[in-house]
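Chains L and R supply the protein sequences, listed in that same order.
Each residue of the first sequence is one higher than the one before, counting from 2 in my numbering.
Each residue of the second sequence is one higher than the one before, counting from 2 in my numbering.
One thing to keep in mind: the hints can contain errors.
Given that identical chains are not distinguished, each listed pair holds provided it fits within a single copy or across any two copies.
[Stated by the list, open to error] Straight-line Cα separation of at most 30 Å, DSBU-like style, residue types lysine-lysine; simulated pairs:
(1) Lys271 <-> Lys378
(2) Lys13 <-> Lys67
(3) Lys13 <-> Lys318
(4) Lys62 <-> Lys13
(5) Lys413 <-> Lys397
(6) Lys202 <-> Lys271
(7) Lys318 <-> Lys11
(8) Lys318 <-> Lys8
(9) Lys397 <-> Lys387
(10) Lys8 <-> Lys67
(11) Lys318 <-> Lys390
(12) Lys398 <-> Lys318
(13) Lys8 <-> Lys62
(14) Lys62 <-> Lys202
Quick caveat, the hints were computed from the structure, so don't treat them as lab data.
Protein chains: 2
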Amino acid sequence: MSKNKKKIYKPKPVSGFSEWLPEIRMIEQQWLDHIRRVFESYGFTSIETPSVEEIDVLLAKGETDKEIYTLTRLQADPDDDKEARLGLHFDQTVPLARYTAQHFNDLVFPFKRYQMQRVWRGERPQLGRSREFVQCDIDVINVDHLPLHFDAEMPAVIYEALDGLDIGRFQIRISNRKILLGLLEHLGIDDTIAVTRNVDKIEKLGRDEVHLILAKECGLSDEQIIQILDLATDSVLADIDPLNDQMREGLDELNFVMDQLSHLPDHAIKADLSIVRGLDYYTGTVYETVLLDHPEFTSSICSGGRYDDLAGSFINKRLPGVGISIGFTRLFEVMQNFGKVQGHRKGPADILMVLPSEDRRADASETARLLRRRGFKVEQYHAPQKIGKQLAYAEKKAIPFVWFPPFDDDGKHEVKDMNTGEQSETSPDNWTA
Amino acid sequence: MSKNKKKIYKPKPVSGFSEWLPEIRMIEQQWLDHIRRVFESYGFTSIETPSVEEIDVLLAKGETDKEIYTLTRLQADPDDDKEARLGLHFDQTVPLARYTAQHFNDLVFPFKRYQMQRVWRGERPQLGRSREFVQCDIDVINVDHLPLHFDAEMPAVIYEALDGLDIGRFQIRISNRKILLGLLEHLGIDDTIAVTRNVDKIEKLGRDEVHLILAKECGLSDEQIIQILDLATDSVLADIDPLNDQMREGLDELNFVMDQLSHLPDHAIKADLSIVRGLDYYTGTVYETVLLDHPEFTSSICSGGRYDDLAGSFINKRLPGVGISIGFTRLFEVMQNFGKVQGHRKGPADILMVLPSEDRRADASETARLLRRRGFKVEQYHAPQKIGKQLAYAEKKAIPFVWFPPFDDDGKHEVKDMNTGEQSETSPDNWTA
Chain L
2 MSKNKKKIYK PKPVSGFSEW LPEIRMIEQQ WLDHIRRVFE SYGFTSIETP
52 SVEEIDVLLA KGETDKEIYT LTRLQADPDD DKEARLGLHF DQTVPLARYT
102 AQHFNDLVFP FKRYQMQRVW RGERPQLGRS REFVQCDIDV INVDHLPLHF
152 DAEMPAVIYE ALDGLDIGRF QIRISNRKIL LGLLEHLGID DTIAVTRNVD
202 KIEKLGRDEV HLILAKECGL SDEQIIQILD LATDSVLADI DPLNDQMREG
252 LDELNFVMDQ LSHLPDHAIK ADLSIVRGLD YYTGTVYETV LLDHPEFTSS
302 ICSGGRYDDL AGSFINKRLP GVGISIGFTR LFEVMQNFGK VQGHRKGPAD
352 ILMVLPSEDR RADASETARL LRRRGFKVEQ YHAPQKIGKQ LAYAEKKAIP
402 FVWFPPFDDD GKHEVKDMNT GEQSETSPDN WTA
Chain R
2 MSKNKKKIYK PKPVSGFSEW LPEIRMIEQQ WLDHIRRVFE SYGFTSIETP
52 SVEEIDVLLA KGETDKEIYT LTRLQADPDD DKEARLGLHF DQTVPLARYT
102 AQHFNDLVFP FKRYQMQRVW RGERPQLGRS REFVQCDIDV INVDHLPLHF
152 DAEMPAVIYE ALDGLDIGRF QIRISNRKIL LGLLEHLGID DTIAVTRNVD
202 KIEKLGRDEV HLILAKECGL SDEQIIQILD LATDSVLADI DPLNDQMREG
252 LDELNFVMDQ LSHLPDHAIK ADLSIVRGLD YYTGTVYETV LLDHPEFTSS
302 ICSGGRYDDL AGSFINKRLP GVGISIGFTR LFEVMQNFGK VQGHRKGPAD
352 ILMVLPSEDR RADASETARL LRRRGFKVEQ YHAPQKIGKQ LAYAEKKAIP
402 FVWFPPFDDD GKHEVKDMNT GEQSETSPDN WTA
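Turn these sequences into a full structure, and let the hints guide you.
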């Protein structure tokens with residue numbers, strides 16, 4: 002046994018917590034940068050909240066089915082109950098509600114914010130479901146009344162955000178819960194939650210199966226069920242007769258939203274009355290988004306809707322809002338799984354600066370600085386090794402250009418395009434890629 | 002009592018966990034974007050690791066004095082010991098070591114990575130010390146041998162990164178531990194850790210106080226102490242006589258590093274042999290950075306150094322590295338405290354698009370889209386309210402331009418500069434700010 006033998010703990014990935022190699026991380030950054038750029042281009046402003054909230058805040062709306070991670074200091078005194086009970090946030094909506102209430106007097110309304118942070122849920126991991134993941138959310142909150150303009154803006158923003166990613170065609174499906182709820186009111190059905198949750202399953206289970214469930218579990222008559230399912234599967238809004246004020250309001254709102262989106266490709270936007278979203282707190286417009294070119298992944302990659310009361314648990318104000326959330330990590334992992342995320346560059350450098358000899362180090366550094374000031378990303382080779390070795394390094398990292406500074410005082414600058422193999426004289430003052 | 006009376010939980014900030022209003026967050030984003038841009042301009046590539054590691058990984062180098070937060074699912078079965086014991090990472094070095102070991106075969110060396118993530122420490126909060134904070138780290142890792150080039154690159158990168166922030170003048174202080182350790186070897190002093198830790202306090206306690214401590218705690222003779230303190234306070238490297246190989250190596254290395262930084266302003270870079278860094282794992286070059294225009298904040302805002310063995314706990318390879326870390330949140334909070342971070346814009350929009358009337362909505366939207374395609378950030382006003390009200394909204398959010406699309410079919414576009422008050426005819430096809 003060697004006396005230098007150390008105890009080695011061989012690390013392995015922790016299930017549900019992903020990390021990427023640099024070449025994949027670069028693409029993840031491009032995706033996130035693009036989404037951020039689109040959000041900001043519509044005037045949404047960034048906020049970030051702490052990763053933790055008090056447990057009382059996380060549970061302010063009542064128990065949640067999300068698996069919350071709580072924090073304990075490793076060296077905490079178990080008898081010390083003065084420490085705040087903290088948990089990692091499981092979404093960005095509860096923190097938004099708490100933030101809006103807490104900073105109410107310092108915010109300008111309508112408050113248009115985006116938030117792109119990690120959230121945590123201690124769930125059983127599977128493809129598209131991690132224990133730590135990034136969500137990209139936009140919401141607009143107003144006091145008392147929120148104009149319908151924002152219901153229409155959400156899908157416009159999301160279309161641009163998703164369209165810039167390499168995910169193929171997708172479809173944002175839009176409905177308005179008032180239409181179905183209006184029909185249920187008209188039919189005298191009280192247990193709207195059970196009915197809407199089952200209507201939500203039409204795409205997954207098919208119409209016949211949902212018919213049976215509605216009869217068995219909700220005790221509805223065939224006639225009632227047929228009216229409900231006809232409505233939910235009707236895609237021509239103009240054909241629908243509003244049977245009461247609630248239905249009419251829902252149809253008007255949905256028509257307004259669809260009108261504002263007429264500039265988008267037909268396949269990308271669809272009115273779909275079977276979309277009701279399981280969450281009970283949505284009160285009007287609702288959204289879901291599916292991948293059209295990858296129908297084998299049936300879950301929604303981007304969902305949301307309008308709600309009447311964002312922060313009633315935290316402040317005595319009526320704060321209606323509308324929001325939508327891209328399940329970023331889910332989407333990125335699923336596209337990787339489909340082989341659609343392939344990075345080859347191992348770093349951001351545009352140029353590798355060759356070091357011809359130790360004597361020329363100052364000159365190489367100065368050339369690199371000059372090119373950086375001109376906006377190029379320049380990695381400097383670290384030692385005066387053989388040129389072949391320096392070129393091999395550029396190749397291994399897929400750096401597109403290799404720069405040769407003068408090899409002596411009378412020499413010239415040359416640059417080699419690693420894709421074409423061409424090498425030519427140049428100057429750091431005016432070279433362009 | 003009203004029947005609508007709800008139970009309200011008034012949220013308050015959780016000590017040690019900060020969040021910013023939108024106008025401050027915008028500046029934080031600008032700072033982070035700038036730092037990232039500089040890191041990438043030198044070819045550093047981004048990685049992110051999960052926020053959590055197994056406790057065994059966090060403690061692989063032995064117990065730490067950092068206060069680790071461990072995770073427990075709120076609904077976990079206390080008798081289930083099959084769940085991985087997880088803790089939030091307290092720095093980015095342990096995760097880097099684990100990552101490099103785990104992905105060793107997929108990385109290109111020298112591995113130049115940057116990492117800008119949140120880390121957590123359950124410490125008592127105070128100004129410049131939070132329980133959740135962002136660090137911006139760069140490190141270069143190589144196998145077996147790491148060229149000195151990278152020791153010199155670190156301060157060059159950091160100078161550019163910090164120089165782009167509004168923090169006044171700062172100074173990066175550089176030393177090489179081999180110089181002092183060489184002298185201690187020459188003097189026959191074995192307990193180098195105790196001595197270097199006390200030398201580190203010269204700036205804080207003064208030379209005389211440290212003299213007393215070294216005599217009392219380390220049992221050194223006056224003659225030994227004078228030699229040590231003379232060296233530590235000597236700022237002219239050329240005056241120092243190397244007394245053995247270790248000292249000579251340290252001086253050569255430090256001279257090389259200082260030579261490579263001669264392009265930087267004199268005040269920004271200083272060889273300072275009193276810098277030894279408390280951490281025992283640094284083996285050569287060490288860095289600290291202080292604010293020159295805010296001497297009342299004495300802590301280092303950016304520190305690091307060279308180490309021989311990054312990941313010996315996780316892989317049977319010799320992986321030397323050099324790295325430096327900006328304590329981002331510390332710096333940002335301290336500068337806020339000095340009144341140096343003042344945001345007035347409440348969002349990113351360059352332009353507010355007026356909505357003249359419901360009839361003109363399609364045209365306003367189309368104009369906004371056109372300007373967005375040209376790279377402008379355009380917020381669309383949401384309802385056809387009085388123009389005065391729309392202007393007041395732009396003013397409240399400090400949006401610099403207000404755009405008036407045609408009020409009728411024969412109308413023209415006009416744009417108002419909110420700073421000068423000037424309003425003029427324009428076209429969305431060729432307007433520039």
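Structure-based check of each hint:
1. Lys271 <-> Lys378: between (43 Å within a copy, 27 Å between copies)
2. Lys13 <-> Lys67: For lysine 13 and lysine 67, the Cα distance is within 30 Å both inside one copy (26 Å) and across copies (23 Å).
3. Lys13 <-> Lys318: between (49 Å within a copy, 17 Å between copies)
4. Lys62 <-> Lys13: between (38 Å within a copy, 17 Å between copies)
5. Lys413 <-> Lys397: For lysine 413 and lysine 397, only the intra-copy Cα distance (26 Å) is at most 30 Å; the inter-copy one is 56 Å.
6. Lys202 <-> Lys271: Classified as within; 17 Å inside a copy, 68 Å across copies.
7. Lys318 <-> Lys11: between (54 Å within a copy, 12 Å between copies)
8. Lys318 <-> Lys8: Close across copies (13 Å), not inside one copy (59 Å); limit 30 Å.
9. Lys397 <-> Lys387: within (16 Å within a copy, 61 Å between copies)
10. Lys8 <-> Lys67: For lysine 8 and lysine 67, the Cα distance is within 30 Å only across copies (22 Å; inside one copy 39 Å).
11. Lys318 <-> Lys390: between (67 Å within a copy, 22 Å between copies)
12. Lys398 <-> Lys318: Result: close only across copies, 22 Å inter versus 55 Å intra.
13. Lys8 <-> Lys62: For lysine 8 and lysine 62, only the inter-copy Cα distance (10 Å) is at most 30 Å; the intra-copy one is 48 Å.
14. Lys62 <-> Lys202: within (26 Å within a copy, 52 Å between copies)
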